[in-house]
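Protein chains: 2
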Amino acid sequence: MAAGPGGSTQDEVRRHNVSTLLRYVHVHGPTSRAELTSAMQLNRSTIGTLTADLAGAGLVREELPARTAGAGAGRPSLVVWPRPEQVYVLAFDIGVDYLIAARVGLGGSILDRRELYRPRGDYAMDDVVNHLCRFTTEMSARAEPGSVCVGVGAAIAGVVRESDGLVRFAPNLGWVDEPLGSALAEGLGRQGVRARVAVGNDADLGALAEHVRGAAAGATDAVYLTGEVGVGAGIIVGGEPLRGHGGYGGELGHMVVNPAGRLCRCGARGCWETEIGEKAILDAAGHPDGPRSTVPAVVAAASGGDPRALAAVRHVGEWLAIGVGNLVNIFNPEVVIFGGLLRDLFPAVEQQLSGALRTVGLSAPREQVRLTAPGLGADSTLVGAAERAFGPLLFDPPGTLALLA
Amino acid sequence: MAAGPGGSTQDEVRRHNVSTLLRYVHVHGPTSRAELTSAMQLNRSTIGTLTADLAGAGLVREELPARTAGAGAGRPSLVVWPRPEQVYVLAFDIGVDYLIAARVGLGGSILDRRELYRPRGDYAMDDVVNHLCRFTTEMSARAEPGSVCVGVGAAIAGVVRESDGLVRFAPNLGWVDEPLGSALAEGLGRQGVRARVAVGNDADLGALAEHVRGAAAGATDAVYLTGEVGVGAGIIVGGEPLRGHGGYGGELGHMVVNPAGRLCRCGARGCWETEIGEKAILDAAGHPDGPRSTVPAVVAAASGGDPRALAAVRHVGEWLAIGVGNLVNIFNPEVVIFGGLLRDLFPAVEQQLSGALRTVGLSAPREQVRLTAPGLGADSTLVGAAERAFGPLLFDPPGTLALLA
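Quick mapping for you: the protein sequence lines, in order, are chains A and B.
Going by this note's numbering, the residue at position 207 of the first sequence is 207; the numbering climbs one at a time, nothing skipped.
Going by this note's numbering, the residue at position 253 of the second sequence is 253; the numbering climbs one at a time, nothing skipped.
These are computed hints drawn from the structure, not numbers from a lab.
It should be emphasised that the depicted structure is a prediction, and the values quoted were computed from it without experimental measurement.
One or more of the hints may lead you astray.
Label-pair distances were calculated between CB atoms; the ranges are [to be verified]: (1) A:Leu116 to B:Gln10: 41 to 47 Å; (2) B:Val13 to A:Gly58: 29 to 35 Å; (3) B:Thr372 to A:Gly146: 29 to 35 Å; (4) B:Gly355 to A:Ala217: 53 to 59 Å.
Over the 12 Å line for every Cβ pair with chain A, so calculated as not near, a few chain B residues [stated by the list, open to error]: (5) Arg113; (6) Arg118; (7) Gly246; (8) Gly270; (9) Ala321; (10) Phe331; (11) Pro333; (12) Arg358; (13) Ser363; (14) Thr372; (15) Pro392.
Note that CB positions come from ideal geometry on N, CA and C, so glycine has one too.
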């Protein structure tokens, strides 16, 4: 509740500063000591001590900048680089018809990746874990000798208990109470991966990635929408993720927008996802049984002038606008990001949305919002899983490394 | 960005601890030193120093507890009391057909109050300010000699720029860009009131009060709904008020729930307030032109079995349930509080809402939510204005007193 004036405060300040510096370099890439001094508002000798600590732990390296034309006299400031090849995480994106695994280095670069696409169906958790472990074996074989995996993150479209990675409910995979976190930890542990496994909701992780290094970077208030079969959202409020009392917040797909509409699989009528989800788009376009890849095809046909496709896109755009208007009025966000399936749709409805917002959104919040595609393209969720995995290292670099040593 | 290890940290710790102790006593009332030691996790001598500081500044007093039957041996712990008669704020609640002013003491007790009810109409800001200044003159005359007004808070149903208390837009009063904050400061200044004037949105302040000392005390996630003519909300996310990028967040009244519904004064169709606001209730009950007091009369008639009143209450209850279900799915709150007009309606629709939530709310968040009337009755907004006014003192007690000395 209160901060005591004892020695623990000094330790806490040191940990906080090391954490802040490492996070800065992780997010912004190579940074000169001079820039760090200015950004962190600490003196040069403190920055020197902190970077020496991080370099000694193998997390960063320092080098002279490339010679700059017209550089003035005086010693140039050393540049602090993250060491992606030495320090990495494993990131997994578990979709209803795909699996993606990546090795992501400190600094956020994707060093290696594996993808598997397969027809939809109810996949057993063990099957998913086996595939991801196999990908890990392949990718680990290519990692630098002496490098260390500092975290594992997995994203899934479902309700997750974050404390232990239990997937409470993932309807599109047919999972109920599947212990994904512990199963992954066990499978990866057999390969010598000792890092903590974090499992999160795909929309929450997509929002995290876009907030750290995507279209919502620097925003205090943002909404990241995503959808494959259903529609989910990750919401940033006041710079922090909206979690809700039990971590179940952000279920925008089940916001009722059309009480006279279709029955939703949740039992309510007219949820937003029944109007803008995959099935709504495919039904409107006259391809009720089309695969997921039909959605971009419909969007392409619409932009080519196909009347039925155009009408379908327009219809879904109207419902999208109503929900986005609600979000603008409720959250007054700086940015609304259209991910997943909605990323395919966005270019075709962008103008329509802006026009419709003039009716649905109140003027003050409407003037402040930007509608956009994800800054990380199709990788928001995967990158978010990586960012979640880096969390413990970035919060407490020496403590996290000590646990893995 | 980073905390430096210098002397300023010690000062900051001291200010933080004095602030925490004063806030604790303000919220919890008279508290023994022993309880403060335990709650703040500081040692007894530090608590002694902090209370001595606060007592010296006239903010608290210490006294021996009343003799307790069966008390053991040993010196009893001194009890720290806030001093409401010495340290108070002025709180104003500006409604469309009423004005309420109160003098509220440290610790939250309402020491004195004035109320004015009048027919609806477009009231000029100067008129409102004159009434509030007259109330203040009357109340100040009854204040203890030597007491100090440490803040002024005013609540209004409108969009407010909090930095200077400019009311951007208060449709029910017919105000656009009225400088309420500076006008109040000037009027009160002529009476010798030198404290800062804070103006806030009525729903935000109602939520603040309920969070500090009402039905949402201790909750990290809560929604406070209120309505007179329109419907507004104050939302607590992760323990902090949802503000949005420009402070315009929480406009739940303009969440579209019925796109086939009535045109709203905002220009959209089927906003929540067109379905559950005052006009919706009065129309449904067959009293389209009834005054505000007709709403409790309709609720009373419904509970007495009047069929038309019953049908009206039931109809509005259905729309209320749809919106509340959305809020449960979006925010996963611990509590949803029904204030203002909805406070009158709540007892009549409580059962209906709980039943309907079984369809609209997803099961996980639904199981965690409590629906309730405000803990502060009709005074949530007024008390919230007082809490906002106490803000600077509670954040920095010595600094705030120094400014007023």
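Inset, instruction - Any hints from earlier that this structure breaks? Give me their numbers in increasing order, please. - result: Checked against the structure, the hints that fail are numbers 1, 3, 4, 7, 8, 9, 10, 11, 12 and 13, while the rest are satisfied.
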